[in-house]
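K.L.:
As they're listed, the protein sequences go chains A and B.
Per this note's numbering, the first sequence starts with residue 1, numbered consecutively.
Per this note's numbering, the second sequence starts with residue 1, numbered consecutively.
Calculated directly from the structure, the hints in this document are not laboratory data.
In this text, all values refer to a predicted model and were calculated from it rather than measured experimentally.
Certain hints may be false.
To be verified - Looking from chain B toward chain A, a few residues come up when the C-beta cut is under 10 angstroms (computed):
| no. | residue |
| --- | --- |
| 1 | 202 |
| 2 | 209 |
| 3 | 215 |
Unchecked claim - Which bits of chain B does chain A cover? Going by a derived footprint, with three or more residues having C-beta under 8 angstroms, they are:
| no. | region |
| --- | --- |
| 4 | 108-118 |
| 5 | 165-173 |
For glycine and all other residues, C-beta sits at the position ideal for the given N, C-alpha and C.
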Amino acid sequence: MSRTMTVAAKTESPKSAPATANEGGRSVLGWVLHNVVWIWLIALVVIFGLFNQFFFTVNNMQNIMVQATVLGMLGLAVALPLLVAEIDLSLPANLGFSSAIGAMAYSDWGLPWFPGMLVGVGVATFIGFFNGLCITKLKMVSLIQTLSMMIILQGALLALTQGRTITNLSDGYVWIGQATISGWPIMPFVFVIALVGVGILLSNTVFGRRVYAVGGNPVASNSAGIRVDRVKILTYTLAGFLAGCAGFLLASWQMAITSNQGSSYLLYAIAAPIIGGVSVFGGRGNVVGVLGGVLLLTIIQVGLAIISVPSFYVGIIGGVMIFIAVAIDAIRVRYFS
Amino acid sequence: MFSGGKVIILDEPTAALTVEDRKQLFDFMRRLKADGVTFIFISHYNDEILDICDAVSVLRDGVLAGGSEDVGSLTSAQLSELVLGRGLVLFQRERRSFAEDAPAVQLRDIVGPSVRVPALDLRPGEVVGFTGLPGAGAKELARCIFGLTPVQSGTIRFADGTETQKLPAHPRDAFETGIAFLSDDRRRDGAIGQMSIGANISLSSLASVARSGFLSKDAELKLSDRYFAAMGIKAASAAVAVDTLSGGNQQKVCLGRVLATGPRLLILDEPTRGIDVGVKQDVLRIVDELSRTGVAVIIVSTDTDEITRAVDRVCIFENGTIARELTGSEITNERLRGLEPG
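The following block holds chain A by itself, in its conformation from the complex:
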């Protein structure tokens, strides 16, 4: 037997010394890819600041924070279905439609502004719940189902407003969009509260753990005793609620609801969480990333305006940003996970 049987003398694992330098390089690249949003963010602040000193003023910081609020609420909403490996394209349209319902409950049905606002947020929450039902119980494809819901809601808003802009909002309704405490607008605090709330929900609760599990592997989650449909419906419902709040804040801030309110947010609201590291494949991402994505997009928009880039170029730069973000997400999933 000893004649025919050979046993390799070397028994240690092959991945030892020669690989370490390479590993170091990889880990640096991995770190950069994971923190690319914050690196870009700092670089852009410096660049915009160098072009125009006004960028560093308190006034401009407040402007950025206010602008980031609506996009931030919407970005959080979009992130939730993404985490369970689904998508909801109807959220920006839901924002516009539900805020119009809320405003009309006040102006046409004679409700006080606060119950009216609650009706609007309630409608938004119900639309989210309904989307969740369609996707889980009817097994509709979320991309197409929410796309059709988006078109329905945009059409409904147009029908509701008859193409006019709603401006007869009560003083109470517009208060939160205008109020300041010693010069600082209070609207961003709502975003901070939502950010912290969703953050705690995702990382410290049973529900949050289930969200990540379902996004990571729905079949295995089901076998592990998670009611996958219920988790998905809840994320859609919560996303609808956040979109409803965003709708109230936007109307309150602008003191008006146009006949296409919210639709301009669609691309940015989807791009922000993805740029911030929420994977379109589900199960990856957190609220800090969403915040980074929201701030990055807001700073680009505000910065390009301040350094007087002609508006013709703002669109193409935004589009390139989204493209790069999705590409980075793909590279990270492909090589660093």
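Following the hints, complete the assembly by docking chain B onto the known chain A.
P.N.:
Using the frame of chain A, we list chain B on its own:
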């Protein structure tokens, strides 16, 4: 199948084959071999290598660990030693008869898609093997009991005074009744790859480590560390992501997850398929130890060697029902493969 190659590479070709199909495949290979065709046959089944191959190369951790030009001179144990890099003690359960014991689990009137089982009793601490050809009902019954496949009828009753209840409608209900299940499909239905080992272990028992919906990090860490150690998972810590682990260690994570729920009835579907022979012994040993604490265990397997080593009783399935049962010394490889009349 054959398009005229000079060298044919077969990668685990028998994984989905019945015993009869495997015999046909090997006969076909021998005919082509006689015509001068070379085969590279990749397998982790020792008996296949010893049966069909002339020479063998053993790879371990990506390096050539050894080999032989003359497979005929090797024994299965020597081959396992090369695969593992150490001596291997094959696990063998000490079988005993449970016929006199009162049943711990009584299953009655189960009718589901391609399954019809009027009655099945399991005793406390008994390990029962389910085997049969694919589609004969072994796997199907296991999935019905756990609530993965909806049934038309069927009840389960545990001996500890609880009432007869319907089979669970969802795995969540199953875990709450004390039934745990490990799927055979590790790729699609195994661990959650991007989550940590610890998060996977606690995933089916989150309610026990949470207070009013909020996770208690300490309680979760205690639970996951306990099963991380008990399963002997090879990783730096329980914080490591599962998709960096080998298949065998991923299987241990999943086993840890279902054991952490504290089941009274544990169902394992092909628990050692596709994992290396060393980890296989670990898994069978863990199941053996668990059965000594009084848990009833069902092992669904088409691996006759595993069945003979791990169980006290075998249910052989045909046409969706239990056709025969073997106990004690009746359980042999030959009889299970149908080479000897049962």
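K.L.:
Given a cut of 10 angstroms on the nearest C-beta pair, is the interface hint for residue 215 of chain B held or broken against chain A?
P.N.:
holds (6 angstroms)
K.L.:
Verify this for me: three or more residues of the region 165-173 of chain B with a beta carbon less than 8 angstroms from a beta carbon of chain A.
P.N.:
holds (count 3)
K.L.:
Hint check: is the beta carbon of residue 209 of chain B less than 10 angstroms from a beta carbon of chain A?
P.N.:
At 9 angstroms from the nearest chain A Cβ, residue 209 of chain B passes the 10 angstroms test, so the hint holds.
K.L.:
Using 10 angstroms as the Cβ threshold, decide whether residue 202 of chain B counts as touching chain A.
P.N.:
Holds: closest Cβ of chain A sits about 8 angstroms from residue 202 of chain B, inside 10 angstroms.
K.L.:
Taking 8 angstroms as the Cβ threshold, is the statement that the region 108-118 of chain B is covered by chain A upheld or broken by the three-residue rule?
P.N.:
As far as the region 108-118 of chain B goes, the hint is violated, because 0 residues have Cβ atoms under 8 angstroms from chain A.
Violated hint for the displayed structure: number 4, the only one.
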